[in-house]
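Student: Each chain is listed here by its residues.
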Amino acid sequence: MKEIEVIQLFKCLADKSRLQILQSLMQEDMYVELLAERLGLTPATISFHLKKLEAVGAVTSYREQYYTMYSICRETFQMNLIDVIGATSDQETDIVERELAYRKKVLTTFFSYGKLIKIPTQRKKQLICLEEIAKAFEFEKKYEEKEVNEIIKKYFDDYCTIRRNMIAEKLLSREGHVYSRIR
Amino acid sequence: MELVDKFQIFLDSSRKKLEEEIIHLKADHRADEADFIKIKFNIYGIANSFYGNAKRVSPQHIQDEYFKCFERSQLQKKWEDVYRTAKEFGDVDRMRIEELKLETLQEINSKFVQIMQDGEGQ
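Order-wise, the sequence lines are chains A and B. Basically the numbering used here = 1-based index in the first sequence + 124. Basically the numbering used here = 1-based index in the second sequence + 2.
Please keep in mind that the hints were generated in silico from the structure rather than gathered at the bench. Each hint should be verified, as a subset may be incorrect.
Cross-link-like lysine-lysine pairs, in silico, DSSO-like; alpha carbons within 27 Å at most [unchecked claim]:
| id | chain 1 | residue 1 | chain 2 | residue 2 |
| --- | --- | --- | --- | --- |
| 1 | A | K229 | B | K40 |
| 2 | A | K259 | A | K278 |
| 3 | A | K175 | B | K89 |
| 4 | A | K278 | B | K80 |
| 5 | B | K28 | A | K175 |
| 6 | A | K140 | B | K19 |
| 7 | A | K277 | B | K89 |
| 8 | B | K8 | A | K229 |
| 9 | B | K79 | A | K278 |
| 10 | A | K277 | B | K80 |
| 11 | A | K239 | B | K89 |
| 12 | B | K18 | A | K140 |
| 13 | B | K18 | A | K239 |
| 14 | B | K113 | A | K242 |
| 15 | A | K140 | B | K40 |
| 16 | B | K89 | A | K259 |
| 17 | A | K140 | B | K28 |
| 18 | A | K229 | B | K80 |
| 19 | B | K79 | A | K277 |
| 20 | A | K239 | B | K28 |
| 21 | A | K278 | A | K266 |
| 22 | B | K89 | A | K228 |
| 23 | B | K40 | B | K79 |
| 24 | A | K229 | A | K242 |
| 25 | B | K80 | A | K242 |
| 26 | A | K135 | B | K28 |
| 27 | A | K175 | B | K113 |
| 28 | B | K19 | B | K113 |
| 29 | A | K228 | B | K80 |
| 30 | B | K79 | B | K113 |
| 31 | A | K242 | B | K89 |
| 32 | A | K278 | B | K89 |
| 33 | A | K135 | B | K80 |
Assemble the whole structure, with the sequences as input and the hints as a guide.
Tutor: Here it is, written out as structure tokens:
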């Protein structure tokens, strides 16, 4: 288990309702409504907690007839606590993970369901957003300006600004009216 | 005026209860559930503002003005739109939040209508 996963697991477990859900699942596998009834919480709240627990590998789910059953992930909890705490990551991995986390945070802030909400003012953040949009362009392919605009429009209405900025940031190149993605 | 007070009392007492619930949930290490209640508390706050505005702007037609405030704000539509998009993208967390906002709005406005209808029947 990686250090970041250990932190996420402990953060997730630091909640009374989630601990109670795990205690119930230790006895038997259950579905949302049954857990809700036993713990006196709404099914929506139980689903919310189960999703969090599933994300950190504390529970797993499977289909049984009409129900989605949840079970405790015993491998996670049978791990030696000393080994779990001892999970480390080297400096290089740390830097990569921090960078990835930063990118994720920027994208979460400036994108909503695949659409750019606004162009970030800070250059570093803007570049991350432009790189995300650039993923829609294939390498080795030539695009007409109209095609470029159509692709960018799926992300942001002001396609002119984005197109210009992508060229300025050397994500796209332009020769006449033909554009291509730069590696 | 009595009807007006009934709804105001409902809003005030509900907000007080929710506030206490938030404190209780936080003390009981249920931070996420406390955040959900905070959302409900905020919706009650919005209703309180709109109701206060309706009383001030149109004391003779409070019911109409109160609902007009909601219509003008487009809040319900916005929440429904976000819920739909969240559903489309399988964003369960966001769905839960928007669902909660809509449920709370329904809860408050049903109570408002009920109080107004009770008043008319008297």
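Student: Give a verdict on every hint.
Tutor: Going down the list of hints, with the structure as the test:
1. A/K229 - B/K40: holds, 24 Å
2. A/K259 - A/K278: holds, 13 Å
3. A/K175 - B/K89: At roughly 15 Å apart (the allowed maximum being 27 Å), B/K89 and A/K175 satisfy the hint.
4. A/K278 - B/K80: OK: A/K278 and B/K80 at ~21 Å, within 27 Å.
5. B/K28 - A/K175: holds, 21 Å
6. A/K140 - B/K19: holds, 21 Å
7. A/K277 - B/K89: holds, 23 Å
8. B/K8 - A/K229: This hinted pair is violated, its Cα atoms lying about 46 Å apart.
9. B/K79 - A/K278: Measuring from Cα to Cα gives roughly 23 Å; hence the hint holds.
10. A/K277 - B/K80: At roughly 22 Å apart (the allowed maximum being 27 Å), B/K80 and A/K277 satisfy the hint.
11. A/K239 - B/K89: holds, 16 Å
12. B/K18 - A/K140: holds, 24 Å
13. B/K18 - A/K239: Not OK: B/K18 and A/K239 at ~39 Å, beyond 27 Å, violated.
14. B/K113 - A/K242: Given that 27 Å is the threshold and the Cα spacing comes to 39 Å, the pair is violated.
15. A/K140 - B/K40: Holds, because 18 Å separates the two Cα atoms, which is no more than 27 Å.
16. B/K89 - A/K259: Holds. B/K89 to A/K259 sits at ~24 Å (cutoff 27 Å).
17. A/K140 - B/K28: Holds - the C-alpha atoms of B/K28 and A/K140 are around 10 Å apart, at most 27 Å.
18. A/K229 - B/K80: holds, 24 Å
19. B/K79 - A/K277: Holds - the C-alpha atoms of A/K277 and B/K79 are around 24 Å apart, at most 27 Å.
20. A/K239 - B/K28: violated, 35 Å
21. A/K278 - A/K266: holds, 19 Å
22. B/K89 - A/K228: The given pair, whose Cα atoms are some 21 Å apart, holds under the 27 Å limit.
23. B/K40 - B/K79: holds, 21 Å
24. A/K229 - A/K242: Judged against 27 Å, a Cα distance of about 15 Å means the pair holds.
25. B/K80 - A/K242: holds, 18 Å
26. A/K135 - B/K28: holds, 15 Å
27. A/K175 - B/K113: Answer violated: A/K175 to B/K113 is near 33 Å, above 27 Å.
28. B/K19 - B/K113: Distance ~16 Å between B/K19 and B/K113 Cα, so the pair holds.
29. A/K228 - B/K80: holds, 25 Å
30. B/K79 - B/K113: holds, 20 Å
31. A/K242 - B/K89: holds, 23 Å
32. A/K278 - B/K89: The hint holds at about 19 Å.
33. A/K135 - B/K80: violated, 32 Å
Hints 8, 13, 14, 20, 27, 33 from the list above are not met by this structure, while the remaining hints are.
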